[in-house]
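Q: If you want the building blocks of each chain, they are given just below.
There are 2 protein chains.
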Amino acid sequence: MLYEEMNKSELLAQYEDLKKQYNDIKELKLSLNMSRGVPCAEQLEISRSMLDIINSDVECVTIDGQDCRNYGIMDGIPSCKKLMADVMGVTPDMVMVGGNSSLNMMFDTIACFMTASPSEGCAPWFEVKNRKFLCPVPGYDRHFGITEYFGFEMITVPMTENGPDMDVVEELIKDESVKGIWCVPKYSNPQGITYSDETVKRFASLKPAAKDFKIMWDNAYVIHDLTDEEVPLLNIFEECKKTGNLDLPIEFCSTSKITFPGSGVAAMAAFDNNMKIIKNKYKYQTIGFDKINMLRHVRFFGDLDGMKAHMKKHKDILKPRFDLVVNKIKENLTPYGIISYEEPKGGYFVSVDVMEGTAKKVVALCKEAGVILTGAGATYPYMNDPKNSNIRIAPTAPSVEDLSKAMDVFCVCAKLSAVEKLLEV
Amino acid sequence: MLYEEMNKSELLAQYEDLKKQYNDIKELKLSLNMSRGVPCAEQLEISRSMLDIINSDVECVTIDGQDCRNYGIMDGIPSCKKLMADVMGVTPDMVMVGGNSSLNMMFDTIACFMTASPSEGCAPWFEVKNRKFLCPVPGYDRHFGITEYFGFEMITVPMTENGPDMDVVEELIKDESVKGIWCVPKYSNPQGITYSDETVKRFASLKPAAKDFKIMWDNAYVIHDLTDEEVPLLNIFEECKKTGNLDLPIEFCSTSKITFPGSGVAAMAAFDNNMKIIKNKYKYQTIGFDKINMLRHVRFFGDLDGMKAHMKKHKDILKPRFDLVVNKIKENLTPYGIISYEEPKGGYFVSVDVMEGTAKKVVALCKEAGVILTGAGATYPYMNDPKNSNIRIAPTAPSVEDLSKAMDVFCVCAKLSAVEKLLEV
Chain A
154 MLYEEMNKSE LLAQYEDLKK QYNDIKELKL SLNMSRGVPC AEQLEISRSM
204 LDIINSDVEC VTIDGQDCRN YGIMDGIPSC KKLMADVMGV TPDMVMVGGN
254 SSLNMMFDTI ACFMTASPSE GCAPWFEVKN RKFLCPVPGY DRHFGITEYF
304 GFEMITVPMT ENGPDMDVVE ELIKDESVKG IWCVPKYSNP QGITYSDETV
354 KRFASLKPAA KDFKIMWDNA YVIHDLTDEE VPLLNIFEEC KKTGNLDLPI
404 EFCSTSKITF PGSGVAAMAA FDNNMKIIKN KYKYQTIGFD KINMLRHVRF
454 FGDLDGMKAH MKKHKDILKP RFDLVVNKIK ENLTPYGIIS YEEPKGGYFV
504 SVDVMEGTAK KVVALCKEAG VILTGAGATY PYMNDPKNSN IRIAPTAPSV
554 EDLSKAMDVF CVCAKLSAVE KLLEV
Chain B
154 MLYEEMNKSE LLAQYEDLKK QYNDIKELKL SLNMSRGVPC AEQLEISRSM
204 LDIINSDVEC VTIDGQDCRN YGIMDGIPSC KKLMADVMGV TPDMVMVGGN
254 SSLNMMFDTI ACFMTASPSE GCAPWFEVKN RKFLCPVPGY DRHFGITEYF
304 GFEMITVPMT ENGPDMDVVE ELIKDESVKG IWCVPKYSNP QGITYSDETV
354 KRFASLKPAA KDFKIMWDNA YVIHDLTDEE VPLLNIFEEC KKTGNLDLPI
404 EFCSTSKITF PGSGVAAMAA FDNNMKIIKN KYKYQTIGFD KINMLRHVRF
454 FGDLDGMKAH MKKHKDILKP RFDLVVNKIK ENLTPYGIIS YEEPKGGYFV
504 SVDVMEGTAK KVVALCKEAG VILTGAGATY PYMNDPKNSN IRIAPTAPSV
554 EDLSKAMDVF CVCAKLSAVE KLLEV
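Those protein sequences? They're chains A and B, same order as listed.
Quick note on this note's numbering: the first sequence kicks off at 154 and runs consecutively.
Quick note on this note's numbering: the second sequence kicks off at 154 and runs consecutively.
Certain hints may be false.
[Claimed, not checked] Ranges between beta-carbon positions, derived for each pair: (1) N433/B <-> E383/A: 33 to 43 Å; (2) D246/A <-> D205/B: 33 to 43 Å; (3) N426/A <-> G455/B: 41 to 51 Å; (4) N208/A <-> K327/B: 50 to 60 Å; (5) S202/B <-> T487/A: 56 to 66 Å.
Derived from the structure by calculation, the hints contain no laboratory data.
Virtual Cβ for every residue (Gly too), placed ideally from N, Cα, C.
Please construct the entire structure, taking both the sequences and the accompanying hints into account.
A: Quick look at the structure:
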């Protein structure tokens with residue numbers, strides 16, 4: 154029976170029961186964490202043998218004979234540019250391989266445009282006093298953090314099942330001070346939504362008032378499937394070629410959730426104009442990133458097929474966790490009509506909407522019971538979820554056993570908060 | 154006999170002889186490079202076994218049990234902070250360990266102050282339209298590159314045998330738009346000069362008009378001795394504690410020339426106020442740098458003593474090269490009175506001043522004969538050496554045999570350029 158259809162005495166009965174359950178849970182003194190998209194220990198183990206790839210018996214040379222141990226090759230070794238190009242579906246000349254973090258490359262890209270002209274004839278964004286950035290919501294807190302750090306006013310765009318609401322985007326970009334948009338086009342963070350063909354085509358067809366409008370295309374989950382179905386995503390660069398909008402997209406990806414989060418390889422791709430501005434910064438910033446680690450990755454995978462085969466091992470580890478989360482929700486929350494969610498086909502999260510106005514309470518109750526969730530509101534700029542309902546569940550890090558316990562706690566807290574809320578009215 | 158004391162016919166005889174020597178050299182079709190401070194193949198080999206330190210049989214955990222393969226620990230693993238703190242003579246809490254490049258950390262630091270307030274109450278440097286930076290000359294071209302990229306007017310400060318001319322520095326910092334100075338305090342690039350105690354004390358006592366004046370203390374050659382004598386350098390932080398100038402110095406170092414230039418570990422150190430501003434940037438920029446590589450370094454060296462023992466191996470490889478360069482100069486150029494230089498006790502370069510007005514010619518002649526030198530003027534901002542006399546010789550990369558050939562070419566070119574110059578008058 155839906156909570157909303159219960160009368161007061163039914164709700165009170167629920168409340169007493171849930172309160173008791175909650176107090177029992179607190180007695181367990183749990184310490185569980187579902188807050189961040191962190192691979193679990195098992196996932197790290199499947200890349201363990203990568204640590205043997207480079208050792209003192211092998212030569213660390215590129216295919217064109219350069220010593221990876223020494224200085225140089227600012228934009229990455231050729232074989233790694235090729236591998237990351239294949240991951241992104243672009244040509245190697247469009248790729249710059251960086252250090253261990255695509256977040257760092259995104260930060261550096263925005264930082265670059267803050268002080269250098271982001272497009273011919275345009276002022277550095279630092280000079281644009283009312284600079285704005287579009288943020289599809291719910292979205293990734295670390296994206297919002299970067300644009301907040303650099304003083305952008307962040308404007309939210311609602312997500313639909315096909316990606317950001319493009320009607321809204323097309324309206325907002327009529328403002329010349331709107332300089333870009335954050336996108337996670339495949340298995341979006343946190344909803345796991347893959348942008349539809351129409352969405353990608355509309356992105357490629359945008360006519361922003363700002364000549365220096367950039368689409369930050371964070372393809373963090375490009376091959377991070379949770380099912381045997383590879384959900385297709387149109388290639389933004391190919392679409393932009395058709396529309397002539399070559400300066401719009403800048404794509405990012407990394408192996409952080411393929412090999413090791415702390416020691417992966419990050420890369421970015423863009424057409425000439427953007428890459429020229431970005432490389433003109435990098436050439437002052439560094440002599441080159443860690444080429445031994447690039448070589449380690451290339452030799453470990455061989456090619457994109459090798460990488461995809463590796464991803465199946467991740468899927469096998471993660472699938473039961475995601476199934477568990479979804480099943481717990483279906484079983485414990487759906488019957489009461491207090492939750493909505495998308496079942497993700499890839500990525501690292503399950504995004505749920507609990508009863509409006511209760512997300513913060515749910516997170517606080519969980520915390521008090523020893524279960525850490527991503528802060529309520531974190532999926533919105535300025536931590537401001539106007540409906541106070543979205544919660545990002547990150548099921549990857551805990552063991553299945555711990556996850557099961559944590560989800561039980563979550564379900565009790567979601568119900569308790571909902572009942573409390575209804576009783577207040 | 155000094156060239157300057159020769160009469161015209163003596164000079165002409167020299168000219169004919171040198172011209173012939175030069176043409177003979179060109180016939181050899183050499184291809185040698187003395188342009189960059191790049192470790193040679195032998196040097197890379199002494200760190201080869203570091204590649205075995207981390208493999209699939211070892212656990213990648215920090216001393217406090219955190220998995221180095223996963224996300225987190227933004228400012229570096231504790232053991233690596235300790236190691237780099239010992240290298241710099243500071244406490245670990247003052248240290249941030251970064252990626253593979255201290256140049257990158259320096260760039261990031263200047264970039265940070267471009268858009269964030271560099272000191273309480275001060276405007277970001279982007280807003281300081283006539284921003285200036287002090288550049289001791291001769292100096293490091295990549296330092297100058299960073300401040301040029303960010304639009305600073307670079308003001309040169311002459312180097313003395315004790316470091317930058319502090320009378321000049323003390324005068325220039327009366328201008329509030331002067332925001333900082335580049336320093337390589339030990340075995341300076343390119344002269345190999347170590348700042349005297351008085352110089353360091355005067356740095357620590359500076360009273361710049363700019364409240365946000367920063368000393369960029371690039372301790373790139375902190376343990377890079379070329380003799381058995383460790384040339385002492387006063388600790389800038391200790392001196393600044395005495396004067397209360399805590400916000401002046403920011404120190405940088407790396408293992409690029411200790412282990413692998415492409416895959417070392419970089420670090421920076423500063424007192425609280427600077428570190429707070431810088432870490433407030435890094436926390437948006439990255440979740441953490443490559444901790445496996447930090448662990449690899451810590452386990453390879455054990456401690457600072459282990460690192461210093463390793464540096465002796467570098468010294469043994471490099472000393473003959475530096476001796477060769479100095480001996481060739483003494484033998485072939487000193488007798489003619491056309492060269493001045495410092496014999497370095499550490500670092501990576503021999504800085505020479507050829508006859509005024511001839512450096513560009515010398516470099517061009519060398520290039521024509523197949524020997525690449527650092528571009529004349531590179532040791533000055535905007536590539537502008539007003540005397541056109543300084544050349545940075547980088548003897549580390551070539552084999553001793555190649556270096557010997559290259560130095561013979563250099564000596565002939567230096568003499569030929571000098572004689573031509575004298576004949577013009």
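Q: The structure should be examined with respect to each hint, and the outcome stated for every one.
A: Now the hints, each set against the structure:
1. N433/B <-> E383/A: 33 to 43 Å: holds (40 Å)
2. D246/A <-> D205/B: 33 to 43 Å: holds (35 Å)
3. N426/A <-> G455/B: 41 to 51 Å: Distance hint for N426/A, G455/B holds at roughly 49 Å.
4. N208/A <-> K327/B: 50 to 60 Å: holds (57 Å)
5. S202/B <-> T487/A: 56 to 66 Å: holds (58 Å)
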